[in-house]
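Enquirer: With the hints as extra help, turn the sequences into a complete structure.
Chains as they are written, first to last, in our numbering: chain Y, 126 to 489; chain D, 126 to 489; chain L, 126 to 489; chain R, 126 to 489.
Read the hints as simulated data drawn from the structure, not as lab findings.
One or more hints might be untrue.
Repeated chains share a single entry, so a pair holds when one copy, or any two copies, can fit it.
[Stated by the list, open to error] Computed list of lysine-lysine pairs in DSBU-like fashion (alpha-carbon distance at most 35 Å, straight line): (1) Lys173 / Lys244; (2) Lys130 / Lys442; (3) Lys213 / Lys475; (4) Lys213 / Lys128; (5) Lys244 / Lys128; (6) Lys244 / Lys475; (7) Lys442 / Lys409; (8) Lys128 / Lys439; (9) Lys244 / Lys320; (10) Lys213 / Lys244; (11) Lys240 / Lys439.
There are 4 protein chains.
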Amino acid sequence: MAKTKVLLLGAGFIADIHLESYQRFVPDAEVVGVYTRNGEKAAAFASKHGLEQSFDDLEKAIVTSGCEVVDICLPNFLHHQAVLTAAKHGKHVIIEKPFAMTLEQADEMIEVCDKAGLKLMYAEELCFAPKYERVRQLVHEGALGDLYHLRQCEKHSGPHSDWFYDVNLSGGGAMMDMGCHGIAWFRWMLGGRPKAISVQAHMMTVMHKGRTKGEDDSVVIVEFENGAIGVAENSWAKLGGMDDSVEVFGTGGVVYADLFRGNAAVTYSEEGYGYAMEKAGNSKGWTFTIFEEAFNQGYPQELHHFIECVRENKTPKVTGEDGRAVLEIMLAAYESAGTGRKVALPFHPKVAKPIDLWLDQRPS
Amino acid sequence: MAKTKVLLLGAGFIADIHLESYQRFVPDAEVVGVYTRNGEKAAAFASKHGLEQSFDDLEKAIVTSGCEVVDICLPNFLHHQAVLTAAKHGKHVIIEKPFAMTLEQADEMIEVCDKAGLKLMYAEELCFAPKYERVRQLVHEGALGDLYHLRQCEKHSGPHSDWFYDVNLSGGGAMMDMGCHGIAWFRWMLGGRPKAISVQAHMMTVMHKGRTKGEDDSVVIVEFENGAIGVAENSWAKLGGMDDSVEVFGTGGVVYADLFRGNAAVTYSEEGYGYAMEKAGNSKGWTFTIFEEAFNQGYPQELHHFIECVRENKTPKVTGEDGRAVLEIMLAAYESAGTGRKVALPFHPKVAKPIDLWLDQRPS
Amino acid sequence: MAKTKVLLLGAGFIADIHLESYQRFVPDAEVVGVYTRNGEKAAAFASKHGLEQSFDDLEKAIVTSGCEVVDICLPNFLHHQAVLTAAKHGKHVIIEKPFAMTLEQADEMIEVCDKAGLKLMYAEELCFAPKYERVRQLVHEGALGDLYHLRQCEKHSGPHSDWFYDVNLSGGGAMMDMGCHGIAWFRWMLGGRPKAISVQAHMMTVMHKGRTKGEDDSVVIVEFENGAIGVAENSWAKLGGMDDSVEVFGTGGVVYADLFRGNAAVTYSEEGYGYAMEKAGNSKGWTFTIFEEAFNQGYPQELHHFIECVRENKTPKVTGEDGRAVLEIMLAAYESAGTGRKVALPFHPKVAKPIDLWLDQRPS
Amino acid sequence: MAKTKVLLLGAGFIADIHLESYQRFVPDAEVVGVYTRNGEKAAAFASKHGLEQSFDDLEKAIVTSGCEVVDICLPNFLHHQAVLTAAKHGKHVIIEKPFAMTLEQADEMIEVCDKAGLKLMYAEELCFAPKYERVRQLVHEGALGDLYHLRQCEKHSGPHSDWFYDVNLSGGGAMMDMGCHGIAWFRWMLGGRPKAISVQAHMMTVMHKGRTKGEDDSVVIVEFENGAIGVAENSWAKLGGMDDSVEVFGTGGVVYADLFRGNAAVTYSEEGYGYAMEKAGNSKGWTFTIFEEAFNQGYPQELHHFIECVRENKTPKVTGEDGRAVLEIMLAAYESAGTGRKVALPFHPKVAKPIDLWLDQRPS
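Expert: This is how it looks when you write it as structure tokens:
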């Protein structure tokens with residue numbers, strides 16, 4: 126059986142990770158080309174990674190690359206159009222977080238893929254991160270009794286690309302960028318696609334005030350229908366490298382797991398060295414040296430799963446509906462941060478982008 | 126100079142810790158007696174610890190024991206009366222958390238001591254815990270830039286004594302019991318007795334539903350006047366032993382510190398052994414073995430400081446005003462948990478006990 | 126290009142790990158059958174893992190299975206004959222540790238493969254364990270200056286199969302079983318296949334006296350030509366689960382890395398659960414929960430590398446010569462433990478099995 | 126009862142620690158003066174710490190200071206004379222490690238104190254370090270079954286004072302300086318003053334070759350009469366701050382404990398700060414921030430114990446005989462490192478200083 130042909134949309138940080146993951150860990154897939162708006166950047170990416178084709182025209186890329194799968198690693202504001210174009214041409218879609226800028230977009234994205242009989246996977250890698258999946262298995266075995274409180278942190282010192290800081294392009298700040306992980310993971314851990322019933326949130330801009338209107342530090346409390354809560358803490362203002370860690374509390378036990386410092390070799394170097402972990406900064410002195418960063422975060426496993434879904438006609442474990450549900454909770458979080466009120470779900474505000482609910486309503 | 130004579134009010138878990146702390150680490154103090162409502166218990170405590178006097182009558186104890194200092198380790202609902210009685214007879218007071226059941230009580234307690242020219246210290250041991258104090262020193266040196274986010278967790282599987290579960294005696298659950306620590310510590314770390322301007326909170330009862338109306342799991346977000354926030358997570362539903370840990374985020378760095386697992390020896394025992402740490406449960410298999418538990422939590426340092434204040438006529442670092450400020454924030458937290466709204470401070474509700482603000486208002 | 130056909134020799138603990146590694150991570154390989162001396166066990170293994178062929182006749186398996194590669198996961202005393210048979214029939218060989226029982230065997234094994242133009246890889250997975258390889262990369266970058274002291278521990282509570290305890294079948298105890306890892310890794314870390322110049326060792330039998338003559342606790346100090354030392358600590362008497370950890374000391378820095386506790390989620394469970402980590406025992410209470418155990422130890426990477434060597438006619442990174450060098454150092458270690466003397470290398474004793482050098486010489 | 130008057134001999138790193146320990150934690154003691162060979166240094170030390178007397182004449186200090194106890198924190202080569210002088214004038218003695226340069230000295234030191242009816246304590250603080258003492262208590266409870274293997278590491282980047290590097294003044298390098306701790310602690314943990322029966326050792330000079338003839342990295346394996354071993358690893362070549370850690374292996378369990386990194390707050394600072402831990406170097410980036418360093422190492426507890434012994438006429442837990450036993454094992458370690466042979470005890474070489482056994486015998 127021939128390899129499944131994948132077109133990569135985007136040539137930034139996350140596209141690099143997807144490409145490495147395909148090439149090292151997904152033997153049934155072949156990345157046949159890359160698109161990004163800047164043709165030179167696309168060509169450079171293709172050249173660096175040995176891809177035969179590069180494109181700066183989205184539709185042409187989708188139509189002519191010979192792909193069966195479109196893997197969307199584009200800035201947030203381009204997600205909607207990219208899915209619509211892929212679906213129009215009969216391509217299966219896997220899409221990076223966050224799913225969309227509005228619920229209307231989300232609904233349309235889901236609908237077009239559904240009508241065309243196409244797979245649509247929401248690429249939440251934490252649902253595949255092996256350490257966290259090990260934890261989920263324990264929970265499934267009953268090791269922790271009933272879960273009542275989850276915590277997920279994802280924090281670093283700020284994103285790699287400028288567009289993240291422009292809320293018109295990103296739709297929001299650190300919570301929009303990283304809170305989506307925690308929120309998706311709470312739903313995944315609790316199982317059965319639990320309904321969120323309310324959200325409380327606090328947001329602020331601490332470190333990047335001159336650069337963005339977006340929040341760079343947030344706390345979100347999501348309450349689910351069975352009473353369990355998830356607390357997502359996210360930041361672009363946290364120095365010293367990436368944090369991705371969880372705490373799981375059940376009536377029969379607890380688990381603490383950490384993907385970065387908790388897996389790392391612990392190094393002291395007078396001279397420093399090339400790279401310790403994502404956003405680590407200087408590597409002189411003590412550092413936490415991470416290894417197999419993509420694997421430990423679940424990217425290869427996620428992509429492997431999607432390619433299998435496409436080849437064997439299975440339903441992805443994480444779908445557009447999950448992406449939409451996360452987006453709805455994030456909308457409620459911005460609303461709560463803006464109004465100071467606990468926001469009940471379902472919540473379907475009419476806004477151009479999530480962060481408006483905070484920016485437009487917060488007390489001066 | 127003679128030793129300062131201390132009368133201990135209370136003979137429970139915390140009284141044991143205070144007594145050990147005085148005897149081992151506060152050479153200038155002498156515990157001359159103990160009072161508790163149950164005379165047999167008082168006598169047993171005195172006998173066990175070599176105290177000469179025991180009492181079951183509060184006023185008599187204060188008047189006849191010869192004490193200069195009254196150390197209040199009584200259940201919460203007895204705090205107010207105990208301070209009033211001590212002050213009436215001219216005794217300096219150190220009082221365990223939480224300060225009082227109502228702001229009216231708090232104000233009166235402060236006033237009577239003030240008028241009588243007596244020292245009144247609020248015994249927040251986290252302001253003396255040596256690891257946390259080391260962290261505070263770093264912050265003071267500028268190692269972390271400006272603090273913008275603090276987190277403190279204090280969690281275990283539930284209190285030792287029945288009265289904690291009766292909200293009429295305790296005034297509240299896990300947050301009232303332990304959230305006071307985090308809230309006091311946020312103020313202490315930020316320095317200069319910062320004003321809290323708002324509080325958001327979520328509370329629930331998970332594990333002890335049959336036993337208490339009080340919350341046994343809570344998340345409280347306190348916003349201070351300079352924009353920094355403190356997130357206090359507290360639980361009586363957390364198995365596996367005590368957690369007391371902090372995270373400190375500043376614009377120039379971060380610190381993680383943990384008083385229990387983070388100090389412990391890591392032990393594997395097939396047979397088990399007597400005691401691993403507070404609330405650890407079974408000691409077979411792996412355990413985190415804590416040492417010098419009282420010292421590491423700051424109790425001896427706290428009591429040493431107060432005795433020094435008494436002897437050298439200094440102002441305690443943590444006062445009744447601090448205890449009152451913590452109480453006000455806790456009241457706002459119950460109100461927020463009850464109403465789902467962010468509560469602005471100053472906040473002065475008229476209630477018999479803090480938890481009423483949650484119990485009476487929360488949606489069914 | 127067709128998949129490379131692999132015949133697995135052995136159906137024990139390590140064969141399971143190799144099989145899982147091939148199936149999940151080595152898409153260019155196909156395991157076509159399994160041999161073990163017990164035909165029923167072979168059939169059961171084949172059935173469990175979906176292999177089409179099972180054998181209880183070694184030569185027949187090699188000749189008729191259609192394999193191009195023989196992967197030897199047999200008890201130590203069968204290594205020599207298995208390699209000779211494989212080479213006789215023109216099969217490439219990858220062989221688990223320890224390489225052989227004697228240097229004479231080792232030399233013959235190397236020679237027959239060499240003469241037949243066959244690949245012979247010594248399957249030292251620590252040379253592929255991703256965390257340790259990350260550490261090696263740092264060292265290569267100069268992050269630690271010059272290495273002068275390495276430590277590797279590999280310890281658990283004793284092997285899975287009875288033959289390990291019979292020194293006639295195993296050739297030695299915990300050091301022969303696990304010290305080979307540390308010793309191979311010292312050579313790999315120092316680079317350039319450094320000559321060992323002397324060995325000091327201490328061995329004892331602590332926990333399994335009734336079951337084996339073999340040592341179940343050992344310390345080995347290997348001195349290399351540049352003056353650097355490696356200290357290998359190995360045990361079959363260490364409770365609480367597997368330990369595989371390293372310390373690397375250089376003139377410019379240090380690294381600490383741990384493959385089990387150092388990667389694990391930290392779990393507390395009242396009920397317990399199925400499996401925490403290799404040899405963990407009971408999973409009630411606190412446990413260190415490991416994930417992707419084979420991947421984190423380097424097995425898939427090791428097998429992937431060998432299949433690539435076969436397919437692309439490359440030289441394996443770890444060869445029969447390396448296996449022999451490790452064996453020589455282990456012989457010197459038994460000699461040192463037996464005589465109390467530092468043993469200089471080259472060292473070529475005439476013994477039937479390594480442990481005789483300790484058993485026959487040690488003072489009663 | 127009046128305070129016990131202590132004269133401090135020495136004004137270096139360890140004298141500072143002793144002084145702080147007395148002043149903060151030993152209320153029954155009063156340091157009445159300090160002696161060091163350099164009068165200006167003595168005066169500066171006295172002034173800094175508020176001591177009334179300083180001396181540059183040893184005998185005069187002992188005779189005129191009014192002391193009852195002499196606390197010896199002098200360089201190694203001065204230990205013998207200091208004890209003799211103290212005993213001559215009827216002073217109780219507590220003496221820092223290592224006990225003496227030769228067994229002849231040790232015997233005389235013990236004898237003179239014994240004859241004069243004076244207390245002589247060997248100040249091994251690890252016998253009082255609260256985390257390690259907690260571990261010892263577990264062992265005593267039977268939590269680990271029978272101990273068979275102990276490991277103690279003490280490593281840093283090199284001593285504070287020049288005399289350590291001159292082997293005529295120190296008697297040896299890193300092992301003499303720090304191996305004494307591990308060796309004393311092995312005996313203490315095993316209990317009952319167990320006889321050491323043999324020693325194997327490896328030593329080398331790695332980082333400080335231009336500065337000292339002494340070893341700056343060592344591994345020592347001590348075998349005790351019941352078969353248990355202790356492995357002491359010591360270094361002056363280990364960057365990144367102090368390491369003091371232990372591993373305890375028994376037939377019923379294991380313990381890992383670490384006094385520095387294992388107690389520390391974990392800090393990331395862009396600007397750095399004053400002090401992270403002993404020998405930590407630069408404090409920018411990640412550091413392990415230790416707190417209550419003296420307390421956690423056991424100094425106050427050790428001194429408190431000795432003062433109690435003096436006041437209540439008790440026998441110190443660690444005596445001159447213990448110091449002598451440690452010295453004998455260190456002599457055997459140098460002999461083993463020099464000859465490559467396991468050295469049996471009792472071992473009573475006639476040398477001017479321990480390291481001669483290594484320097485004079487090792488192969489070039």
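Enquirer: Does each hint fit the structure? Answer for all of them.
Expert: Structure-based check of all given hints:
Taking the shortest alpha-carbon separations for Lys173 and Lys244, both the intra-copy value of 29 Å and the inter-copy value of 32 Å come in at or below 35 Å. In this homomeric assembly, Lys130 and Lys442 come within 35 Å of each other (Cα to Cα) both inside a single copy, at 21 Å, and across copies, at 33 Å. In this homomeric assembly, Lys213 and Lys475 come within 35 Å of each other (Cα to Cα) only inside a single copy, at 26 Å, whereas the closest approach across copies is 63 Å. For the identical chains of this complex, Lys213 and Lys128 are intra-copy neighbours only, at 23 Å inside a copy versus 37 Å across copies, given an alpha-carbon limit of 35 Å.
In this assembly of identical chains, Lys244 and Lys128 lie within 35 Å of each other by CA distance both inside one copy and across copies; the values are 17 Å within and 30 Å between. Proximity of Lys244 to Lys475 under the C-alpha cut-off of 35 Å is restricted to the intra-copy arrangement: shortest distance 28 Å within a copy versus 58 Å between copies. Taking CA atoms no more than 35 Å apart as the test, Lys442 paired with Lys409 passes between copies only; the shortest distance there is 31 Å, against 41 Å inside one copy. For the identical chains of this complex, Lys128 and Lys439 are neighbours both inside a copy (17 Å) and across copies (26 Å), given an alpha-carbon limit of 35 Å.
Taking the shortest Cα distances, Lys244 and Lys320 sit within 35 Å of each other inside one copy (23 Å), while across copies they are farther apart (53 Å). Taking the closest pair of Cα atoms, Lys213 and Lys244 come within 35 Å of each other only inside a single copy of the chain (13 Å); across copies the shortest separation is 51 Å, beyond that limit. When the C-alpha separation of Lys240 and Lys439 is checked against a cutoff of 35 Å, the pair qualifies only within one copy, where the shortest distance is 16 Å, while the shortest distance between copies is 50 Å.
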